[in-house]
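Given chain W, put chain R in place with the hints provided.
Now for the letters of each chain:
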Amino acid sequence: MPDLPPARDLPPGRLEQRRAHLVRELRGPARRRRWAVLLVPVALVLASGAVAATQLLGDEEVQDFFAVDCYARADLTARSVEVRTDPAAESGDRPGDRSAASLCGDAFRDGRLGRTRTPPQLDACVRGAEIVVFPGTCTALDLRRLPADWQGNARAATTMLTDVGTILQECESSAEATRAIAAELRERGFEEAPEIPEGVCGRLTRTQAINLLLALSVESGGTSKPGRVRPDRLRPHRRRPQACFARYGRLDDAPPGARCHLVPEAGDCPTSETADEVARGTLRRHGERRWRIITSPPPDDGKPRCYVSGTVDPGARTITLVATPLP
Amino acid sequence: MTETGLIEPTVASTHPEPEDFGELFERHARAIYGFCFRRTGNWATAEDLTSVVFLEAWRKRGSVDLVREPALPWLLGVANNVTRNHARSLRRHRTALGRVPVPPATPDFAEAADERLDDEERMRSIIECLRALPRREREVIELCTWAGQSYEAAARALDVPVGTVRSRLARGRARLQERSQHA
Numbered sequence: 000m001p002d003l004p005p006a007r008d009l010p011p012g013r014l015e016q017r018r019a020h021l022v023r024e025l026r027g028p029a030r031r032r033r034w035a036v037l038l039v040p041v042a043l044v045l046a047s048g049a050v051a052a053t054q055l056l057g058d059e060e061v062q063d064f065f066a067v068d069c070y071a072r073a074d075l076t077a078r079s080v081e082v083r084t085d086p087a088a089e090s091g092d093r094p095g096d097r098s099a100a101s102l103c104g105d106a107f108r109d110g111r112l113g114r115t116r117t118p119p120q121l122d123a124c125v126r127g128a129e130i131v132v133f134p135g136t137c138t139a140l141d142l143r144r145l146p147a148d149w150q151g152n153a154r155a156a157t158t159m160l161t162d163v164g165t166i167l168q169e170c171e172s173s174a175e176a177t178r179a180i181a182a183e184l185r186e187r188g189f190e191e192a193p194e195i196p197e198g199v200c201g202r203l204t205r206t207q208a209i210n211l212l213l214a215l216s217v218e219s220g221g222t223s224k225p226g227r228v229r230p231d232r233l234r235p236h237r238r239r240p241q242a243c244f245a246r247y248g249r250l251d252d253a254p255p256g257a258r259c260h261l262v263p264e265a266g267d268c269p270t271s272e273t274a275d276e277v278a279r280g281t282l283r284r285h286g287e288r289r290w291r292i293i294t295s296p297p298p299d300d301g302k303p304r305c306y307v308s309g310t311v312d313p314g315a316r317t318i319t320l321v322a323t324p325l326p
Numbered sequence: 000m001t002e003t004g005l006i007e008p009t010v011a012s013t014h015p016e017p018e019d020f021g022e023l024f025e026r027h028a029r030a031i032y033g034f035c036f037r038r039t040g041n042w043a044t045a046e047d048l049t050s051v052v053f054l055e056a057w058r059k060r061g062s063v064d065l066v067r068e069p070a071l072p073w074l075l076g077v078a079n080n081v082t083r084n085h086a087r088s089l090r091r092h093r094t095a096l097g098r099v100p101v102p103p104a105t106p107d108f109a110e111a112a113d114e115r116l117d118d119e120e121r122m123r124s125i126i127e128c129l130r131a132l133p134r135r136e137r138e139v140i141e142l143c144t145w146a147g148q149s150y151e152a153a154a155r156a157l158d159v160p161v162g163t164v165r166s167r168l169a170r171g172r173a174r175l176q177e178r179s180q181h182a
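Residue numbers (numbering that gives the first Met the number 0), protein chains in the order written: chain W, 0 to 326; chain R, 0 to 182.
Quick caveat, the hints were computed from the structure, so don't treat them as lab data. Some hints could be false.
[To be verified] Restraint ranges, calculated between C-beta atoms of paired labels, are given here:
| id | chain 1 | residue 1 | chain 2 | residue 2 | range |
| --- | --- | --- | --- | --- | --- |
| 1 | W | 291 | R | 97 | 55 to 61 Å |
| 2 | R | 97 | W | 63 | 15 to 21 Å |
| 3 | W | 231 | R | 86 | 24 to 30 Å |
| 4 | W | 7 | R | 163 | 29 to 35 Å |
| 5 | W | 1 | R | 133 | 20 to 26 Å |
| 6 | W | 268 | R | 89 | 28 to 34 Å |
| 7 | R | 17 | W | 319 | 52 to 58 Å |
Treat the numbers as computed from the prediction; the structure is a model and nothing was measured. Positions of the beta carbon are idealized from the N, C-alpha and C atoms, including for glycine.
Just chain W, same shape as in the assembly (with noise of 0.2 Å):
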């Protein structure tokens, strides 16, 4: 074996330099989360405008909602692997819809994270923007638990921020992309949007384009990034059944898989035994009649759920109550 070459210094100039960059960018972080700032469904203004919107944009990746760091131990500074959920793989009935901690088994698994092939109990925590499993429980290192409709969540999210991504992409003017992105999120259910700062339309790439609405629309949950999203904070924004007779007039004219509210009053909850009969009362009240009502069976999870809203399909004259967890 050669010999070990000989300690050096770093290049000249450079540990001062690399220093003032190290200071500058443990302090900069307050700074700039200033900007990043609150939420999809809260309307939000960029006041200071494009200018403010070049700070936060960077062309780094966008953030991977399915990456998954798994650690040895109970334990921030223990051995970990980074392990990625496909959202697209086909799993049972459900696309890639596996559990954190069943994704770091695997890397127990396959001998990445030591020798202990047989996974311990593993538990899914949210520390800052990431996704982080270790053996034990959360609570024991002062740590969320990951939401368990995280993975439909991420999907969710994914989707949106693509599609209106897009439309920032494409825009020839800030009012113009607001307006769009109003009705392209009024149509996914959200009630508000956010404001497009001048000066961005058409500019922007792909990612940065994503990155913004990132900042735009989410909270930065403490982490040092700006537009980066807390795993439990990637709730799907609570959809706004359709008025179906309202947009459609009839049922027939409404396109399959629309989802269509059936209930009367604001705020009422019909169960699964009672679904079938507020909904039979909704139709007959609007002449609508010969639909047949299927009630979709609960997750068994025993939380508490209404049936507001059901799926219509005018082909084979069948609207499915869909169950929708309470508030």
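Only chain R this time, still in chain W's reference frame:
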């Protein structure tokens, strides 16, 4: 510098400020730079990784008592994790590294460029030889033999008992010796 000499008033606070980390950087950058180079065989990558080690250390500062514990073994522990998958570490901090200013023109350094290229070539062949060892043994050799850390400091860096460091080091050396005899 002795280990106790590393505990200096600049970081003698349970809540260090960015400037304290600047001081820590000045004191230990050379050691971390050398460690990262020996892991990667590339000086430029080692320079970026040195920055990443301190950025990561800042993030983890709550996990160490810099008043009572010497900083270098802890920093080497962070460096050990950062360099295990250095591509991922660099990717994570790509934005921050993108803000490092362009290096100033340095004629003196240009003269040393050949030496540095030789270093890299030599280091890469050493890394290749060392790949034959299990990672745990490789890590103690890197810390104790190359970085000159005591058994206690290496144990702290790797978060294992001192006895484990001794046995891994003995096994690693024996294995290397055996290989050199067969070569």
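Okay, the hints, checked on the actual structure:
1. At roughly 59 Å, the beta-carbon separation of residue 291 of chain W and residue 97 of chain R lies within the given 55 to 61 Å, and the hint holds.
2. Restraint check, residue 97 of chain R to residue 63 of chain W: a C-beta distance of roughly 19 Å satisfies the suggested window 15 to 21 Å.
3. Range check, residue 231 of chain W to residue 86 of chain R: about 28 Å between beta-carbon atoms, so the 24 to 30 Å window is met.
4. Checking the proposed 29 to 35 Å range against residue 7 of chain W and residue 163 of chain R shows it holds: the Cβ atoms sit about 31 Å from each other.
5. Residue 1 of chain W and residue 133 of chain R have their C-beta atoms about 22 Å apart, which keeps the hinted 20 to 26 Å range intact.
6. Between residue 268 of chain W and residue 89 of chain R the CB atoms are about 51 Å apart, so this pair departs from the stated range of 28 to 34 Å.
7. A hinted range of 52 to 58 Å holds for the C-beta pair residue 17 of chain R and residue 319 of chain W, which are about 57 Å apart.
The structure shown violates just one earlier hint, number 6.
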